[in-house]
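Participant: Chains as they are written, first to last, in the numbering used here: chain A, 1 to 295; chain B, 1001 to 1453.
No lab work stands behind these hints: they were computed from the structure.
In this text, a Cβ means the ideal position worked out from N, Cα and C, and glycines have one as well.
Warning: the hint list may mix true and false statements.
Straight-line alpha carbon distances no greater than 27 Å define the calculated DSS-like cross-link-like pairs of lysine-lysine that follow [stated by the list, open to error]:
#  : chain 1 : residue 1 : chain 2 : residue 2
1  : B       : K1215     : A       : K14
2  : B       : K1415     : A       : K203
3  : B       : K1221     : A       : K10
4  : A       : K148      : B       : K1017
5  : B       : K1426     : A       : K203
6  : B       : K1212     : A       : K10
7  : A       : K147      : B       : K1018
8  : A       : K10       : B       : K1215
9  : A       : K203      : B       : K1018
10 : A       : K148      : B       : K1018
11 : B       : K1208     : A       : K14
Which stretches of chain B does chain A cover? Using the computed rule of at least three CB atoms under 8 Å from a CB of chain A, they are [claimed, not checked]:
#  : segment
12 : 1004-1010
13 : 1054-1060
14 : 1071-1082
15 : 1138-1151
16 : 1439-1450
Incomplete in silico selection of chain B near chain A, CB under 10 Å [claimed, not checked]:
#  : residue
17 : T1046
18 : R1047
19 : I1065
20 : R1068
21 : E1129
22 : L1259
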Amino acid sequence: MAIWTYNGLKFGIKSVNFPKENDFYEGFFSYLKFDADKCLNYKETLTANGLPCLKCQEACPTGAIDILNSYDSKNSANYANGAEAKHIIDIKKCIYCGLCVSECSNIAEAVSFSNFIGKDNTNEANVKNDIKNNVKKSGKKKFGFFKKSLFVKHIDSGSCGACESEIAALNNPYYNMHRLGIFITPSPRFADVILLSGVFTDKMSEIFYNVLDNTPNPRFIILAGVCPISGGIWSGSGGLAGGSESLLNNCGFLNNKKNGDILKTENIILVPGCPPNPFMILNALLSVKSGDFAI
Amino acid sequence: MFKKFLGDYEFIWGPVKKGVCESSYYHFLTSSEELHELDITLGYKTRNAMNAAKGKRNLYEQILIMERIAGTHAFAASLSYCLAAEDYFGLTGKLPDCVKLIRMFFAELERLRNHIENLSEISGSTYLEVPSSLYAYYAEKIKQISSEIVFSRYLMGINTVGGVRLYNLSGREFIMNNSNKNNAFTDDKAADFKRFEYIATEVGSYIKDIEKIIKQNSETKSHIDRLKTTGKINAEIAEKLHAEGVVAKSAGINRDLRLKHPYLLYKVLALKPVLYNDGDALSRYLVRIGEIRQSFDIIKICFEKLTKNMSKQHIDDIHEQGKNIGDTGKLQHDMRSIYNYGSSGSGNNSRSDNFSGSNNDDGNSDEHTGVERNLFLSGVPHNKYGFGSVESSEGPIFCITGGFDGKIFKKINIKYPFENNFRVFKHFTKNTMMMDFNINETSYNFSVAACDK
Ligand code: SF4
Ligand code: SF4
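Only chain B is shown next, with the shape it has when bound in the complex:
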């Protein structure tokens, strides 16, 4: 396969590797120090996710599948699916701001967590165990508050087509029963704000500590020197190979969807791209640090806007819908209702959308029938496709949906950034040092599962 010279030897690594990692197969050609060729074989863990999704009973179950293609990017994936579905049903413009803000809030929380986890891995790969553990500790903390607030450490199950499923669980009771300290989850209505405030302040305190670690880390010469010039990529070739996300940003290519094709409310935020030009592991490291700060800023802005925008009516509405999860007619996220509803409500798209709040100022939501409540799902099945794109921590996730049969989407596909980045990685690891391989690979933060969907 590989063209060998005297002294070169091949070896394979994988699919089962050291430690805890995903299954992928690396085939190296090396002459001790220098890595000449690298062949990456994926596909050991293909689960046929798209087929599995087609066998589901409703849209929410499809979301559960989408989340579990790559669990560390669960929120971004489900969001891209929801955006695609909403695009299909023509709901994009109808979503109330507070739902958008809640989604942005959690999307940024996930990005932040993934970046912190990667900082931990990078520190680990340069054998700095202390900062590695410290970062890991804060990533763990973020997972814990996620679990506390939304009952999933990986933010699974929050997104629904046309809304968010936050008020879903008897979580408050649980938290109260199991809580040692008297925290604020007592009042029903106030608790909904408090959740976000709680996350924002907790994450804020972690970020403060993380900034300290980052500072000390950047003063540690052995750390920075190992990262500098390691795994350098060339912007031109990277662009040709369609590098995505952090990898692209490290080489000065601005492909951030939140800026280029803003979804949700990212347009209002006027984000500045985090760009570096060296294209080495250090740049990727710095991009991640920049994005951690950026994400936290967005979380703060979202929280502020939520407190301003989220009127009592909104909360009542969402709450009502969350409560009536059993009442198929009323619940906007209960996709089992969509079938009946699609047939009865079809062709009558002009009915008012209660959830948007503005035209529901009478506050008497019980007056409306279930069909009206669910109105924004009344999209008539058509032959076009819905398209959704979301910037995850590692790059854009695209989702396309179509062929709605009254219950589920029969045509559905999702694309993660990792396939492109694997190509970039493969191209630029040639003729690098074997010693640096681990650092280089870690700085890309691949998810094999996302490629082997």
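For reference, chain A alone in the conformation it holds in the complex:
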């Protein structure tokens, strides 16, 4: 045993300084970035026939991109007039497959990955910004209830296992969320945060409500991954599947009709990504802990 204590000490501290400084590993990316200055549709140089370039939108397997979002689509003059680009990419649907990035890479390089990470889990401009569902950003007064420690209960409601792996990764020495006072708890009765992953299948929904009933207030629900947020790749083209009912259930926690009341009353925070990067999950947990979200 002693040898392991020694080895552990010898190994040294490998944790990131993350909340103090953004010392991410190389290749870390959190969001997609849409650079309106580069996009052909927002420049005056339009294609010969005046039609916008929709390459990224066509490529997206989940329909997350809406290039025309901020335009009056009938008035194509707008494109040339440099109307403001807003909410082009809906990060709630994106599975980070990178197809849009590569589509655009030899056209205008307007879409790219970014490693921006916001204090209250917000993201960059031109990416649809309603990551916080139902949770208001607290103004002056911080909600300091969880300041000392935060207990998290994880529930898998139909995920692929990658999300679990990423959540479990928070315990490894690199992220080491214990040092920040965040712990995974086995029982919902001690939990402050319910961390939900997966597409919210019918069978798991009942169990989730049960867990929710047993979790004391005040509590937060964090939806980890695009699965519970919108269904991601699972929902995409549900309509095409020949009316298969079961498929339509894969549309995630937010879109599930059964959750109507919960959505109104609970504090829900979304962590996009497929799977969500551990840094992003950690960031959301830290925001809850430090009271950046009001109740």
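Use these hints to put chain B with the ligands onto chain A, whose structure you have.
Facilitator: Here is chain B with the ligands on its own, set in the frame of chain A:
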């Protein structure tokens, strides 16, 4: 349900369990120490993956679904799908060696990572937190370089039917912009080799450290003693129950697809199977260690062969195809093109396959029209099935595809090894110690998601 005796009691565990784990439902019958009966119910997270796949628009989107059935085996699953699709289109023999090597490279990287993660879990289950954390750290490192090189920590989105999607992202620019150190991703062409060299050397340094942990771990008596004779399986019964992967290998059953039905270039490698005979948790642990070494050897061989085989022409070709992702005619992995292309190119399978490189020595690829570039996708839809099988870290993954309608496969199925292994697990946990249950379960490394597809 269970036949109870005096003092026996039942209890259930799940679907929501302790810690971070997938949803499955265990029903135990026990008399405190000994576990008499175990009933496992899965199906809490069924997502109807096959239906979802049928609703997709193109083959690449189907691949994205296949990867997300079980995310930790994403590469193996997408590879099995691609092999099946290539079999369907009759492209198996036409794939250039460098694509095969790249696929093997990443397939082995995934196997390696999964094994290391499992070593971490096993150490954790015997309450050795230090080695558990150390293993987890290196698994994390492997995910990080995956993210750095291919923009997915779980190697998702690399495989495409007929090729690999490596040159897909403006990744280089991103890496350069965000990099503190001046690494080698500057030169366009050289960078492509450098990626593999970078992964191979980094993983090599991790393996060195991991070997040290393994050595110290095997000297830790409390660790080895807990694993020894725990969850012992009997080779004969295991064979009858069709044990797969590590579980089979631990009982001396050689069912490694890379040896029995070699795909890609595994035939050339002359692999030796990693076999142990005891069938207990220790054997499974040792099989994993053996496979880590084996996988790393294969990674090294693949890298060497890649540097030898991958001519500038190959890189140009792949690069070209990656660049022209928007040009539907040119891009071999852009499956949206397959429809037009299937109708225009059908019946003309004799046109040369540029991608194979050998008959493209003029180097003037722009001369060819898009249809020719995409040639190996010109398979005419037929009524037969394509079949692909891949050895993942936990055993074989089979995929069958058929009913191509010009865009997607209408008939498609995938089979993971876990269903069989759950049967084996259930059979052999009877009359074991309750205390050992966690170690035993961990050593199987189940993916519930793969069963509940
Ligand atoms: S990265 Fe996201 S937005 Fe881009 S194509 Fe993929 S799913 Fe769509
Ligand atoms: S969000 Fe993506 S990675 Fe997470 S469970 Fe869903 S499919 Fe898997």
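Participant: Run every hint past the structure and note whether it holds.
Facilitator: Hints and how they fare:
With a C-alpha separation of about 21 Å, the suggested pairing of K1215(B) with K14(A) holds against the 27 Å cut-off. Between K1415(B) and K203(A) the CA atoms are separated by roughly 22 Å; this keeps the pair inside 27 Å, and the hint holds. Of the pairs offered as hints, the one joining K1221(B) and K10(A) holds, with about 21 Å between alpha carbons and a cut-off of 27 Å not exceeded. At most 27 Å may separate the alpha-carbon atoms for a hinted pair to count; K148(A) and K1017(B) meet this at roughly 25 Å.
The straight-line distance between the Cα atoms of K1426(B) and K203(A) is roughly 23 Å, inside the 27 Å bound, and the hint therefore holds. Restraint check for K1212(B) and K10(A): the C-alpha separation of about 13 Å stays at or below 27 Å, so the hint holds. Between K147(A) and K1018(B), the direct Cα distance comes to roughly 24 Å. Compliance with the 27 Å bound is thereby established for this hinted pair. A hinted pair counts as satisfied when its Cα atoms are at most 27 Å apart, and K10(A) with K1215(B) qualifies at roughly 16 Å.
Of the supplied pair hints, the one linking K203(A) and K1018(B) holds, its CA atoms being roughly 19 Å apart against a limit of 27 Å. A distance of roughly 22 Å separates the Cα atoms of K148(A) and K1018(B); the hinted pair therefore holds under the 27 Å criterion. At most 27 Å may separate the alpha-carbon atoms for a hinted pair to count; K1208(B) and K14(A) meet this at roughly 17 Å. Here the segment 1004-1010 of chain B counts 0 residues with a CB under 8 Å from a CB of chain A, which misses the bar of 3, and the coverage is violated.
Under the rule that three or more residues need a Cβ within less than 8 Å of chain A, the assignment of the segment 1054-1060 of chain B holds, with 5 such residues. Coverage of the segment 1071-1082 of chain B by chain A holds. Counting CB-CB distances below 8 Å, 3 residues qualify, and the rule asks for three or more. With 10 residues having a Cβ less than 8 Å from any Cβ of chain A, the segment 1138-1151 of chain B passes the three-residue criterion, so the hint holds. Using a Cβ-Cβ cut-off of 8 Å, 4 residues of the segment 1439-1450 of chain B lie near chain A, which meets the minimum of three, so the contact claim holds.
Because the beta carbon of T1046(B) sits about 6 Å from the nearest beta carbon in chain A, less than 10 Å, this interface hint is met. The restraint placing R1047(B) at the interface with chain A holds, with a minimum CB-CB distance near 5 Å, inside the 10 Å limit. For I1065(B), the shortest C-beta to C-beta distance to chain A is roughly 6 Å, which falls under 10 Å, so the interface hint holds. Satisfaction of the interface hint for R1068(B) is found here, the shortest Cβ-Cβ separation to chain A being roughly 5 Å, below the 10 Å cut-off.
With a cut of 10 Å, the hint placing E1129(B) at the interface with chain A holds, because the nearest CB-to-CB distance is about 8 Å. Using the Cβ-Cβ criterion of 10 Å, the hint placing L1259(B) at the interface with chain A is not satisfied: the shortest such distance is roughly 27 Å.
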